[in-house]
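**Student:** Residue numbers (this note's numbering), protein chains in the order written: chain A, 1 to 293; chain B, 294 to 586.
These are calculated hints, taken from the structure and not from any lab test. C-beta atoms are modelled at their ideal positions from N, C-alpha and C, and glycine is treated no differently. Incorrect hints may have been included.
[As the list claims (entries may be wrong)] If you want the ones that stay clear, here's a sample from chain A, every Cβ over 12 Å from chain B, calculated:
1) 9
2) 31
3) 55
4) 99
5) 150
6) 158
7) 171
8) 188
9) 200
10) 229
11) 253
12) 272
13) 275
[To be verified] Calculated pairs, DSBU-like style, for lysine-lysine (alpha carbon to alpha carbon, straight line, at most 30 Å):
14) A:255 - B:460
15) B:486 - B:548
16) B:486 - A:57
17) B:339 - A:46
18) B:339 - B:350
[Said to hold, decoys possible] Partner residues are not named here, just some residues of chain B that face chain A (Cβ under 8 Å, in silico):
19) 334
20) 385
21) 386
22) 474
23) 492
There are 2 protein chains.
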Amino acid sequence: MATNEQGYFTEENSAEVVIGRMADSTDPRIRQIMDVLTRKLHEAVKEIEPTQEEWFKAIMFLTETGHKSDEWRQEFILLSDVMGVSMLVDAINSRRPNGASENTVLGPFHVADAPELEMGANICLDDKGEPMFVHGRILDTEGNPLEGVKIDVWQANDEGFYDVQQKGIQPDFNLRGVFRTGADGRYFFKAIKPKFYPIPEDGPVGELMNALGRHCMRPAHFHYIISKDGFDTLTTHIFDPDDPYIHSDAVFGVKESLMAEFKPVDDQQAAAEHGFSGRFFDVEYDFVLARDD
Amino acid sequence: MATNEQGYFTEENSAEVVIGRMADSTDPRIRQIMDVLTRKLHEAVKEIEPTQEEWFKAIMFLTETGHKSDEWRQEFILLSDVMGVSMLVDAINSRRPNGASENTVLGPFHVADAPELEMGANICLDDKGEPMFVHGRILDTEGNPLEGVKIDVWQANDEGFYDVQQKGIQPDFNLRGVFRTGADGRYFFKAIKPKFYPIPEDGPVGELMNALGRHCMRPAHFHYIISKDGFDTLTTHIFDPDDPYIHSDAVFGVKESLMAEFKPVDDQQAAAEHGFSGRFFDVEYDFVLARDD
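Using the sequences and the hints given, assemble the complete structure.
**Tutor:** Encoded structure:
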């Protein structure tokens with residue numbers, strides 16, 4: 001039974017009494033988690049001193065956040081994202097040696113079965129948007145090129161939508177592809193310049209953002225999952241440093257090290273080499289994988 | 294716009310970056326609340342260091358708690374209750390001068406339109422359970438009796454159910470009544486000995502309680518809302534100190550000062566005076582109201 005059955009609840013000892021109710025036989029990790037959550041929650045309540053009305057508003061906010069969540073929409077993940085919790089959990093779980101590329105959030109738009117393409121292919125299937133040549137190398141932390149690395153890339157189109165958000169409008173698997181590096185560790189493919197886009201704004205999280213005077217925009221980016229046996233899988237983005245929202249990503253995904261220059265190229269010969277008809281953007285970025293030992 | 298647009302998110306500065314995003318024009322109270330919640334949430338995550346799987350379990354727990362909530366069931370209030378948050382908010386909002394009766398949680402079973410009864414009436418309408426005589430005085434903090442006090446009382450039956458939980462089984466308004474004190478400040482009525490009962494166990498909160506090795510029981514009690522113009526409304530219970538769950542109320546509602554002896558009386562004459570046929574319980578408890586200035 002509980003270790004602290006005799007202690008009645010008071011304003012002063014509130015967290016200790018609640019924590020003391022856990023049975024000694026409780027799983028130690030659950031004990032630790034509930035110990036911390038209870039302490040921090042009670043500290044927050046004591047510092048805020050909510051009125052009954054404010055407490056009830058919080059209850060209703062959480063309830064509506066639950067009700068907004070279904071098979072297709074996860075409003076609690078969105079809440080975690082805009083509170084910086086998703087990025088914090090990601091940071092804690094992907095501490096890497098100096099020089100290795102940094103992680104960022106996965107996001108909800110990855111699909112597991114994107115087609116494997118030949119290096120150099122164009123992932124844009126509908127010819128919409130400004131053409132882009134994306135290239136670079138996959139290296140280990142000593143700077144050696146890595147062969148046989150799987151590069152899973154996906155991006156929003158020039159209106160800020162992923163294919164899965166516009167079924168029937170965009171072709172299936174538009175702006176997605178899986179590539180594998182050769183012995184030189186190089187990757188290169190054709191794509192289009194992505195655009196900033198909003199996270200879903202029509203729920204309780206959108207209302208909260210509004211109340212906080214925050215916008216719901218994410219700056220333009222490419223998503224990557226880069227993996228090879230023996231190395232820590234890298235889930236990350238690269239970002240356009242000139243994006244209007246680069247300093248205020250609604251979900252805090254931007255890191256200094258993930259900036260990649262989206263360079264406009266006005267060179268007819270270079271365009272022709274890539275099979276583009278005119279002006280295009282060039283982005284070069286090397287990813288560095290850490291060994292998983 | 295945001296006050297701290299330039300700071301990118303890192304593990305170290307995570308809370309500061311999220312807080313810094315709030316616009317200067319944000320309502321000051323909302324700013325304060327979100328400042329505290331963000332700091333405490335990030336402190337908790339940094340101390341717990343959840344895995345991605347643990348984070349996702351937390352997301353799903355909150356989602357299911359939302360889905361379990363509807364017009365009739367409020368699982369987030371239940372979560373607040375078992376985490377001691379409801380009692381803490383109640384304590385913060387009902388600090389009273391020494392000597393005044395203490396508040397406790399309202400609970401979900403109050404009904405607004407219980408009938409006003411003559412002092413001395415029996416609130417038990419179905420003759421089930423062990424008879425009880427409940428009496429005492431309503432006083433101010435100087436010990437003067439208070440006239441015209443409204444006493445709204447309700448209780449579970451001897452099986453641990455309120456009338457509203459057993460519509461068609463218990464008579465409407467069974468074990469509820471509203472009384473008003475005369476010049477002597479006295480109150481007295483007939484009732485039955487209440488029984489301990491569980492909070493709803495068939496949802497995510499019940500599962501959590503199970504994982505923590507905690508039971509879901511509330512010790513036997515009478516509920517009261519005691520009110521008079523010019524005084525702080527008292528929402529409270531009185532408890533049976535001999536109840537098996539008195540030291541482990543699932544929602545932490547018990548306070549030392551709210552114990553009232555449920556005294557068995559084996560006295561034929563006393564029983565006859567109250568209109569009881571034999572053994573009954575006698576409980577005497579004085580409530581002290583604080584002025585609301």
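**Student:** Using Cβ atoms only, decide whether residue 386 (chain B) comes closer than 8 Å to chain A, and label the hint accordingly.
**Tutor:** Cβ of residue 386 (chain B) sits 6 Å from chain A, so the hint holds.
**Student:** Checking one constraint from the list: CA of residue 339 (chain B) to CA of residue 350 (chain B), max 30 Å. Satisfied?
**Tutor:** 17 Å, holds
**Student:** Once the closest CB in chain B is found, is it more than 12 Å from residue 200 (chain A)?
**Tutor:** 15 Å, holds
**Student:** Assess, step by step, whether the Cα of residue 255 (chain A) is no farther than 30 Å from the Cα of residue 460 (chain B), and give holds or violated.
**Tutor:** The hint is violated at about 59 Å.
**Student:** Taking the shortest Cβ-to-Cβ distance between residue 171 (chain A) and chain B, state whether it exceeds 12 Å.
**Tutor:** 31 Å, holds
**Student:** Please settle this one: residue 188 (chain A) was flagged as non-interface, so is its CB more than 12 Å from every CB on chain B?
**Tutor:** 28 Å, holds
**Student:** Was residue 31 (chain A) rightly flagged as not at the interface, with every chain B Cβ beyond 12 Å?
**Tutor:** 8 Å, violated
**Student:** Checking the smallest CB distance to chain B, is residue 158 (chain A) really beyond 12 Å?
**Tutor:** Correct as stated: the minimum Cβ-Cβ distance to chain B is 25 Å, above 12 Å.
**Student:** Within 30 Å, alpha carbon to alpha carbon, are residue 486 (chain B) and residue 57 (chain A)?
**Tutor:** 36 Å, violated
**Student:** Using the nearest Cβ pair, does residue 334 (chain B) come within less than 8 Å of chain A?
**Tutor:** 6 Å, holds
**Student:** Mind checking the CB of residue 474 (chain B) against every CB in chain A and telling me if the closest is under 8 Å?
**Tutor:** 26 Å, violated
**Student:** For the hint on residue 492 (chain B), just tell me whether its beta-carbon gets within less than 8 Å of chain A.
**Tutor:** Hint on residue 492 (chain B): violated, closest Cβ of chain A at ~14 Å, above 8 Å.
Checked against the numbered hints listed earlier, the structure breaks hints 1, 2, 3, 11, 14, 16, 22 and 23; every other hint is satisfied.
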